[in-house]
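Fit chains B, C, D, E and F with the ligands to the known structure of chain A by using the hints.
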Amino acid sequence: MDEVLELAPGDTAWLLVSASLVLLMTPGLAFFYGGMTRSKSVLNMMMMSFGAIGVVGVVYVLWGYSMSFGTDAFGEGTAGIWGDPFEFWALNGLLPGTDEADPYALSNSLLTGIPAIVVVGFQMTFAIITVALISGSIADRVKFSTWLVFTGAWVSLVYFGLAHMVWGGGLLSGDGPFGSMFTDIAPIDFAGGTVVHINAGVAGLVLALIIGKRRGFGKEPMRPHNLTLVMLGAGLLWFGWFGFNAGSAGAADGLAGLAWVNTTVATAAAMIGWLIVERLRDGHATSLGAASGVVAGLVAITPAAGALSPVGSIFLGLIAGALCALAVSLKFKLGYDDSLDVVGVHLVGGLVGTVLIGLFATETGLFYGGGIGQLVVQILVALVAIVFSGVLTLIIGLILKVTMGWRVTADDEVEGIDITQHGESAYDLDPTASGSGASGVLANATKKQGAQA
Amino acid sequence: MDEVLELAPGDTAWLLVSASLVLLMTPGLAFFYGGMTRSKSVLNMMMMSFGAIGVVGVVYVLWGYSMSFGTDAFGEGTAGIWGDPFEFWALNGLLPGTDEADPYALSNSLLTGIPAIVVVGFQMTFAIITVALISGSIADRVKFSTWLVFTGAWVSLVYFGLAHMVWGGGLLSGDGPFGSMFTDIAPIDFAGGTVVHINAGVAGLVLALIIGKRRGFGKEPMRPHNLTLVMLGAGLLWFGWFGFNAGSAGAADGLAGLAWVNTTVATAAAMIGWLIVERLRDGHATSLGAASGVVAGLVAITPAAGALSPVGSIFLGLIAGALCALAVSLKFKLGYDDSLDVVGVHLVGGLVGTVLIGLFATETGLFYGGGIGQLVVQILVALVAIVFSGVLTLIIGLILKVTMGWRVTADDEVEGIDITQHGESAYDLDPTASGSGASGVLANATKKQGAQA
Amino acid sequence: MDEVLELAPGDTAWLLVSASLVLLMTPGLAFFYGGMTRSKSVLNMMMMSFGAIGVVGVVYVLWGYSMSFGTDAFGEGTAGIWGDPFEFWALNGLLPGTDEADPYALSNSLLTGIPAIVVVGFQMTFAIITVALISGSIADRVKFSTWLVFTGAWVSLVYFGLAHMVWGGGLLSGDGPFGSMFTDIAPIDFAGGTVVHINAGVAGLVLALIIGKRRGFGKEPMRPHNLTLVMLGAGLLWFGWFGFNAGSAGAADGLAGLAWVNTTVATAAAMIGWLIVERLRDGHATSLGAASGVVAGLVAITPAAGALSPVGSIFLGLIAGALCALAVSLKFKLGYDDSLDVVGVHLVGGLVGTVLIGLFATETGLFYGGGIGQLVVQILVALVAIVFSGVLTLIIGLILKVTMGWRVTADDEVEGIDITQHGESAYDLDPTASGSGASGVLANATKKQGAQA
Amino acid sequence: MKLVTAVIKPFKLDEVRAALLAFGVQGMTVSESSGYGRQRGHTEVYRGAEYTVELLPKIRIEILVDAEDADDVIDVIVRAARTGKIGDGKVWAVPVENVVRVRTGERGPEAL
Amino acid sequence: MKLVTAVIKPFKLDEVRAALLAFGVQGMTVSESSGYGRQRGHTEVYRGAEYTVELLPKIRIEILVDAEDADDVIDVIVRAARTGKIGDGKVWAVPVENVVRVRTGERGPEAL
Amino acid sequence: MKLVTAVIKPFKLDEVRAALLAFGVQGMTVSESSGYGRQRGHTEVYRGAEYTVELLPKIRIEILVDAEDADDVIDVIVRAARTGKIGDGKVWAVPVENVVRVRTGERGPEAL
Ligand SMILES: Nc1ncnc2c1ncn2[C@@H]1O[C@H](COP(=O)(O)OP(=O)(O)O)[C@@H](O)[C@H]1O
Ligand SMILES: Nc1ncnc2c1ncn2[C@@H]1O[C@H](COP(=O)(O)OP(=O)(O)O)[C@@H](O)[C@H]1O
Ligand SMILES: Nc1ncnc2c1ncn2[C@@H]1O[C@H](COP(=O)(O)OP(=O)(O)O)[C@@H](O)[C@H]1O
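Residue numbers (the numbering used here), protein chains in the order written: chain A, 72 to 524; chain B, 72 to 524; chain C, 72 to 524; chain D, 13 to 124; chain E, 13 to 124; chain F, 13 to 124.
No lab work stands behind these hints, which were simulated from the structure alone. Check the hints yourself; a few may be wrong.
Cβ pair distances, simulated, as ranges [stated by the list, open to error]: (1) Asp84/E with Thr480/C: 38 to 44 Å; (2) Leu280/B with Arg50/E: 39 to 45 Å; (3) Ala481/B with Lys284/A: 49 to 55 Å.
No residue lacks a Cβ here, since even glycine has one placed at the ideal position from N, Cα and C.
This is chain A alone, in the form it adopts within the complex (with noise of 0.2 Å):
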C-alpha cells in the first residue's frame, strides 16, 4: 500500500512493441517453414502456425498465464512445475481499471513500472510461437485438427509447465534446486532457450518419432518450393526476435541494448559459421544456408543475449551456426524424418546457447574465471527440461495417435495435403488460367447459401 507504483511510459512503450515484435514471428515462422515445403503442401504448413495463434491466443488469456506465473499448484513453497490455473483466471487481477489505487495492476505485474496486462499480452507471444516451432518437424502429413488439439494440450501442460519452472520461480529457477547449487550462481536463461527453443526442439523430435516419416522420405526429392519465401520468414523472424530477446530485458535500457547488439552480431556470426560450413561440405554457400544460419544464431544466443560481451557472442554465433548446419544431417544418418530440422536447429541451437553460456558469460563463465558452476548448472537445467518436454510430449502424442489420429492417407499425402485436408491451393501463377477451365470451373458459388439463411 505504501509502495509507490509509478508507471514507466518509457519501458512500457518497449513491451508494447516487443510484444507486436514478437507475434510477428508466428507469421514469420509459417513463411519461414511454408517456403520451405514442397509447394503442395505449403498452405498446411503455414496453417500450424497460424492454428497456434488461434489455440494459444484464447487458451492464454482464460489459464494460461496464471499456469505460468501463478502460484504453485500443489502448494505454496514447493518448487513446483505448474502454477496455479485458477489464480489469475481470466486475467482476474491483471486488468487495468479494476483497482483505482493502483489503475495499472502495477503492483502484480512482474516488470516494474509496465502495467500487468502489457507482460500478459508480452508473454502470450512466447507460448504462441514455441508451439508453431513444432509444426517443423511433422510437415506435409498431419490432420489439421489432431494438430489444434495437440497445440491446445501441449501449451497447457509442456509450455506452461516449462515457463513455471524457469520463469514463474518453479524448479528451474533462481530459487529452485539448481539455482541454490553453487553461491551466486543461478541459471541463466535469459530469454527462452529452454523454455522455448530446447523444449520445441524435443517435443519435434518425439513426434517426428511417433508420426513417422513422409512418403518418400530419403528417396524423393523434396526441395524448398520457395526460397524467396524462405528468405522472407528469416527476415521477419530476426526482426521479431529483436522484441524476443531485447525485449526480454523488461526494460528500455542499456541490457536491451546489449542483448539487442549480441542478438545482431552472434546471427551475422552464425550465418558465416553455417556459410563456411557449407562451402567446405558441399561447395556451395547457399542461401538456404544463411537463412537456416540466421535462425540458428537467434536461437542459440537467446538464452545469452543478456549475458555475453559482443565478441563472446561473435563466438557463440560461430560455433551456433556451424554445429547446427552438421546437425540438419543427422535425421538422413539416424532416419527420422525431422522435416524442416527443428532438431537440427532449435534443439541443437538451444542446447549450444544454454550450454556455452557457462563458458562465456562475462560473470560467472568458465572463461572469464567463473569457474565450473555455471556450465554445470546449465547442462542441468538443460537436461531437465529434455526429460520433462520428452515425456510428457510422449504420452500427449501417443494418447492423440491412438484416438484422433496423427496421419492423413497415403493416397491424400500424396495428392498434396493442401488440396485433400484444406481444399485449395497456394498458387494459380499463369495469367491465361483463369477463365479457361485449366484451373477449374466456378461449380457452385450460390449452392449453401441456405446455411446462411
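Only chains B, C, D, E and F with the ligands this time, still in chain A's reference frame:
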C-alpha cells in the same frame, strides 16, 4: 500560458511506432488483396493501395488534418460535419520549433504530452488505409486514373467528414446529439469502427453497384492466385493493427496494453470462428478462411478494443468471424460483385464490433448491467455513418462515372488489367525464359532518351 | 563526474525500435532488388544483402564503431578522415555494467540519455544497409566470395571514413572547413544523404564500370521476374526508413515527428512524380515505377528530413521522383550496366536531397531567405563525398579485379548464377513436380556424413 | 485412328471442351503453349525500357479419335474456337498407330 | 522411325524413365500437361465458392525410336505407368520422317 | 503438309525464330519442355542433401509447312540451333492431313 506543457517521451515513442505500424498496413493490404486477385490483375490491385498512399499522403498535410480536427467549418458550436480546411492548412501551428515557449506545439496537440506533428502523422495513416480498403470491392476493372481522382475526392469529403464527426468533436462525438441522449453514455469508437470500417465497407458496396460486375463474375472461376501473398498480407495487417488499436490509446499505458491483448485474442477467436463455419459448411478449414478470419477479427475489435475485457473480446471475435464467414457469400446470392469482400468483412465486421459494444462494454454494456443506452447509441451512430458514407459516395461515384468513366474496356479487362493499364506483368518465373524470347524482346531501351535530354 | 547522467527510457525505447526498423531494411532491400532480377539470379541477389549483414555485423563491433566515432586516427584536432580503430575496439568503454557510476555508459554515448550500446546498434544498421545498396549495380555476375571480401574492405575504408567525416566530427562535419565557411551554417545531412546514398551510388557506378555489363545487356530482355516481391521490398523499406530518418532525431520528440511526417509526404509525392513521368513518357504508370518512386523519395528526404517543412518535403519529393525516373534511362544511353539503378536512384536521389536542402531548408535555405551559403556548402560536401567514395572504391575494386577476380564465368552467368554459385534454384512451384523426377532425384542425402562424424 | 491437335486462344478452352463433349469425345490432353504468327504481341515497359512480348499465350489440345471422326472433330473445334479475330489458331490431324490405354492395356478404338 | 507419345500420371515419371533406360532408350522429351477423361477432378473452396478442377495434371513423354522398337517401347511404358486406377493415361505412336540431331546433323537412327 | 517439331536449347529460340522468319515461315507454336539424354544435369544442395536435376529445360517448336519445304525448314533450324555441345536437341517431321485456320476455316496450304 500558465499550463505546463511537458513532453512525454515514452508516449511519443509509442505513437511514433504506432504511426509506422499503421502505415505498414497499407502495403500489407496490397498483398492481402493482391494475392486474392487473378494473376493478371495483382499489380493493379496493389497499385490501388500504393496510389492511395501517394494521394492521401499529400492531401492530408495540406487540408486533411484541418478538415478532420479543425473547428467546425460552418460556425463554431454547431455539431458540424467538416472541420475548417484552412485552420491548420499545411499544418500551420502544428509544426515543432515555431513557438519557443512550446517547441513541440503541445498546446495544439490532440494528445497530452505528444507533439502535435506526431499526432498528425498517426492520423494520416488512418486516412490512407481507409481509402485503400475500398479498392477490394472493385478489383480488376477500374481505370487507375479514375481511382486516383476518387481517392482524393472521397477522402476529402467522406473520410475527413466522418473523422470530424466522430473524433473531431462533431455530430457523432460525445458532444453531439447522440452523446447527450443518455446520461454518462457516449458513443464508443475506440480506433475507427465507424470512421474506417463501416465507412469503407459502405463505400465499397456503393462503388461495386455503380461500377458493375467483373466480366465472368459468377460463371468463371476467379480464385486467389497466390495464397502465400494473402497470408503475408494478413500477417502484416495484424502486426500493423497493434499500432492502429493499441496506438489509439494515445499513450503507452495500461489502456494500450488492454487494447493490445483484446486485439490479439479477438483476432485469434475470429480466426477460429471463421474456420468452424467453413468446416461445417464446406467440409474444409482453409487458409484463405484463416486469413479472412484474422482480418474480420481485427475489424470487429477496432471500435471495442478499449472497452471490453479479454473474455468479452473472445466472444466478440468468435461472433464476428462466424458472421463474416457467412456474409461473404451474400454477393453471389444478391448478385453484386464486391470482388474481395469489403462488404462481407469490413462493413459486417465493423457493424458487429460497433453494435456489440452495446452488449459487451464492461462499463456500460447491456450484459454488464449497463442498460440499453449504449446499444441504442451505437446503432444510431452506425446508421448515421452508413447513410452519410452511402449518399456521398454515391454522388462522387456517379459524377466520376459520367465524367472520366470508371471501367477499362471489355477487351482490356479480359486480356488483363496489369498489362493494359500498367504495361507490366507480375511474374516471369521460368528461369529459362529470359533471353529466350519467350518473355519478350528488348525493343527499345533507349528510344525515349530525347525526353531526358 | 559531477555531470548528471540520467537514462531517458522513452528515447531509448525509440532508438531500440529504430535500430530494429533499420535492420529490417536490408532484408527489405534484398526483396526489392531480388524481385527485379531474372528468376535465375534472385537468390544471389538476396545473398549479397544477407552476406553484407553477416560481414558488417561482425566488423562493426570490432573496429567499425571506433573508426566512425573514435578520435581522429591521425592525431587529435586535425579534421581527419578515419577514427582510431582501437579506441573503442570491441566496444570497449561502451558496454553497460562496466562502470558502476555510469551503468549505461551514458557518458560515452553520442546521444543524451541513451545507453552507448543502443547507439552502437543503431549506427551498425546504417553501415549494413549502405553496403547492401551497392549490390544492385552489379547484379547477376559477381562471385559471392569476392563480394564478401569487398564488403569488409569497403565498409572499413570508405563507409567508416565518410561516417567519421560527416557524423564523427571529421572533415565534413560542422567542425570541419565547410562547417566554418559561412557563419551559422553547417552542412546538413540529417540521416545519411552523403554517407549512405551518395556514397553507395558512387560506389555502385564505379563497380559497374570496373566489372562490366551483364551478358546480353541492352539486347536481351532482363525484366523483373517478380513484381510482388519488389512491392514487398518497397513496403518494408518504407517501414524501416522511419527508423532511419525519424530515429536519426536521436529522441522521441517533435523533431522525430517532423522527420516522420516529412519522410511520408516526400515519399508519397515522389511516387506521384515518378508515375507522372512514366505516364507522359511511356504511356503507363507502372507498379515498378511506384516502388521506385517510393525509394527515390525516401532517399531524397533522408538528408533533409529534419530541416524542411512538410510542404517543402512535398516539393522535394516531386522533384526527386521525376528526376530519378528520368535518370534511370541514362545507363542505356551511356552504356554502363548499373543493373538495378543504384546510380539513378541512390546517387541522383541523394544528390537531389542534399543539394535542395540549400533551397528548401526552413532556417537557412535560399527560398526561405537564408542566402546562398547553405546551397554552396551542400554542393561542396556532396562533391567531396563523391570524390572520396569514387577514388577509394576504384582502388578497392581494381585490386579485387586483379587478385580474386570479380566475375563468374560466361557459362555460369548464362546458366544462372543461382545454380552455379549457390547450387540452388529459387522456385519449384509445380505441385506435381516433386517425386516425379521433373525437379530432380535425391542423389545423396547421406553421402557427406563422414564430415559430421 | 487420328490425332487431332488444335492450337487455340486460352479463353476458348471451356467452349471447345463443351462442344467436344457434346459431340461425344470422351477425353483430351491439354497443354500451355505460346504462339507466333500474324497476331501482334503487346509492349511492356520497365523503368523506361520497352519490351515487346512476341509470343502470345495459346492452349494446345490433343484428341485421339477414330479415323472417320477426325473431320467432324476438326469442324467442331473450329466452330467453337472461332472469334473471327487474328490469332484464333490452327487445327490439324496426324495419322496414328497403336493407341493403348495404360490402365487396361486395351488397344485401338477401345483405348479411347 | 516412330514417335511414341505417352500421357501418364506425374508421379509415375520416375518409374517410366527408369524402365525406358533399362530397355535401352537413350533420350526423351518431357512436358507438363493436363488431362480430361473418365477420371474425376477435385473441388476447391474459396470463401464459400466452390470450384471444380476438371483438368488433372499429367506428364507427356515423347520418345523417338526405331520403327521396330515402337511396340516394345509402348509395352515398357504401359507396364511401368500402370496403377490400375482410372486416369493412368494413353500411349500412342506416330510415323516419323527425317529425324536430325542438331549437334551433328546426323539423320535417321544415328540421330537418336 | 508436314509438321516439323524441334527440341532445342532455350537460349537458342530467338535465333531459330529469326532464321525461320528469314526463310519465310509465318508462324509457329512454342512450348516449354524438359529433356533427358546424353547431356548431364546439375546438382543442387539443400541443407546438405544433394539433388541431381536430370531433366534439363528445352524449348519445343512446332511448325506446319508445305511438304516440299520440310527438309529446308529442318536445315534452317538445325543450323540456327547448333552450338556443337551435347544437348543441342533433335528435329523431326511428321506427315499431316487437314490443316485448318480457325479464323477463316481455310484448309491446306492456305491455312498456314
Ligand atoms: N505454321 C505454323 N505452324 C504451327 N503453328 C502455327 C503456324 N502458324 C500459326 N500457328 C499458330 O497459330 C496461332 C495463330 O496464328 P496467327 O497467324 O496469329 O493467326 P491466324 O491463325 O488467325 O491467321 C499462332 O499463335 C501459332 O500458335
Ligand atoms: N481421346 C483422348 N485423346 C487424347 N488424350 C486422352 C483421350 N482420352 C484420355 N486422354 C488422356 O488420358 C488421360 C486418362 O484418361 P481417363 O479417361 O481419365 O482414364 P483411363 O485412360 O484410365 O480410361 C486423360 O487425363 C487425358 O490426358
Ligand atoms: N529418343 C529421343 N526422343 C525424344 N527426344 C529425345 C530423344 N533423345 C534426345 N531427345 C531430346 O534431345 C535433347 C538432347 O539430347 P542429348 O542426347 O542430350 O544431346 P544430343 O542431341 O546433342 O546428342 C534431350 O534433352 C531430349 O529433349
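Status of each hint after checking the structure:
no.: 1; hint: Asp84/E with Thr480/C: 38 to 44 Å; result: 43 Å, holds
no.: 2; hint: Leu280/B with Arg50/E: 39 to 45 Å; result: 44 Å, holds
no.: 3; hint: Ala481/B with Lys284/A: 49 to 55 Å; result: 53 Å, holds
When the structure is compared with the earlier hints, no violation turns up for any of them.
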